[in-house]
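> In case you want the letters, here they are:
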Amino acid sequence: ELKVEQNPLFLSMQEGKNYTIYCNYSTTSDRLYWYRQDPGKSLESLFVLLSNGAVKQEGRLMASLDTKARLSTLHITAAVHDLSATYFCAVDMTGGADGLTFGKGTHLIIQP
Amino acid sequence: EAQVTQNPRYLITVTGKKLTVTCSQNMNHEYMSWYRQDPGLGLRQIYYSMNVEVTDKGDVPEGYKVSRKEKRNFPLILESPSPNQTSLYFCASSPWTGGRSPLHFGNGTRLTVT
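Protein chains in written order, with our numbering: chain A, 1 to 112; chain B, 1 to 114.
Treat each hint with caution, since some may be false.
As the list claims (entries may be wrong) - In silico DSSO-like cross-links for lysine-lysine, where the CA-CA straight-line distance does not exceed 30 angstroms: (1) K104(A) with K57(B); (2) K17(B) with K57(B); (3) K69(B) with K41(A); (4) K71(B) with K41(A); (5) K56(A) with K68(A); (6) K3(A) with K65(B); (7) K41(A) with K65(B); (8) K17(B) with K65(B); (9) K3(A) with K104(A); (10) K41(A) with K68(A); (11) K17(B) with K41(A); (12) K17(A) with K104(A); (13) K56(A) with K69(B); (14) K18(B) with K71(B); (15) K3(A) with K56(A); (16) K57(B) with K41(A); (17) K3(A) with K68(A); (18) K65(B) with K104(A); (19) K3(A) with K17(B); (20) K56(A) with K17(A).
Said to hold, decoys possible - Examples of chain B residues toward chain A, derived with CB under 8 angstroms: (21) Y10; (22) L43; (23) S80.
Hints were generated in silico from the structure; no laboratory data involved.
We put the beta carbon where it would ideally sit given N, CA and C, even for glycine.
So that you can see chain A by itself, here it is in the shape it has in the complex (with noise of 0.2 angstroms):
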């Protein structure tokens, strides 16, 4: 059974700083997503992680993936007010027939 953790769960931060939000999930997998959801709304596509050592970046936001670590990780630099949201990753155990496992989400909150 695939396992995906989060850490933290809850992140509550000023704005200018960085902070990082980890991934680990617990079978072999080269396929890793981060989704962001705002209060009360659907979950929007971030990144897609599709190989060893992948990295994406938009705006403040740069996700990697390790694979040979089984980690992945959301990298937020300089936070502003704008990137208070919950963030999930979510991993593929198969080659996408099974669905997504998500993590329980990373809970954040910038303060001005």
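Got chain A sorted already, so can you dock chain B onto it with the hints?
The following block gives chain B in isolation, referenced to the frame of chain A:
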């Protein structure tokens, strides 16, 4: 506009009264899926479908049924809802590209069973 449409957005019902939550996508996606989201548990997959007439159980299928008679529609059926099915439900779809495409999510259906 490309989208996944769920209806209704909010639903309050009583134990045992059959209900259907509809899901429709206009992107010609092969893959569709239902998730439920509960506080502290993240999203858990209920059922998924890789194409018309092909459906399979996810992690928490008990108490739910689905059908995929047309490519665009993937309704979720609760034959006899119970209070533990109170949750936020999301339908999602993606093109079948070997699992390399992200899911597109609907806006969610908040279900309360009393």
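> Next, verify each hint and record whether it holds.
Going down the list of hints, with the structure as the test:
1. K104(A) with K57(B): holds (20 angstroms)
2. K17(B) with K57(B): holds (23 angstroms)
3. K69(B) with K41(A): Status holds; Cα separation ~28 angstroms.
4. K71(B) with K41(A): This hinted pair holds, its Cα atoms lying about 25 angstroms apart.
5. K56(A) with K68(A): holds (18 angstroms)
6. K3(A) with K65(B): Roughly 25 angstroms separates the two Cα atoms, so the pair holds.
7. K41(A) with K65(B): Roughly 25 angstroms between the alpha carbons, so the hint for K41(A) and K65(B) holds.
8. K17(B) with K65(B): holds (14 angstroms)
9. K3(A) with K104(A): holds (10 angstroms)
10. K41(A) with K68(A): violated (34 angstroms)
11. K17(B) with K41(A): The given pair, whose Cα atoms are some 27 angstroms apart, holds under the 30 angstroms limit.
12. K17(A) with K104(A): The given pair, whose Cα atoms are some 24 angstroms apart, holds under the 30 angstroms limit.
13. K56(A) with K69(B): Distance ~38 angstroms between K56(A) and K69(B) Cα, so the pair is violated.
14. K18(B) with K71(B): Holds, at roughly 24 angstroms.
15. K3(A) with K56(A): Between K3(A) and K56(A) the Cα gap is close to 23 angstroms, so the pair holds against 30 angstroms.
16. K57(B) with K41(A): holds (26 angstroms)
17. K3(A) with K68(A): Holds. K3(A) to K68(A) sits at ~16 angstroms (cutoff 30 angstroms).
18. K65(B) with K104(A): holds (25 angstroms)
19. K3(A) with K17(B): Roughly 34 angstroms separates the two Cα atoms, so the pair is violated.
20. K56(A) with K17(A): holds (20 angstroms)
21. Y10: violated (11 angstroms)
22. L43: holds (4 angstroms)
23. S80: It is violated, given that the least Cβ distance between S80(B) and chain A is near 25 angstroms, above 8 angstroms.
Against the hints set out earlier in the document, violations occur for numbers 10, 13, 19, 21, 23.
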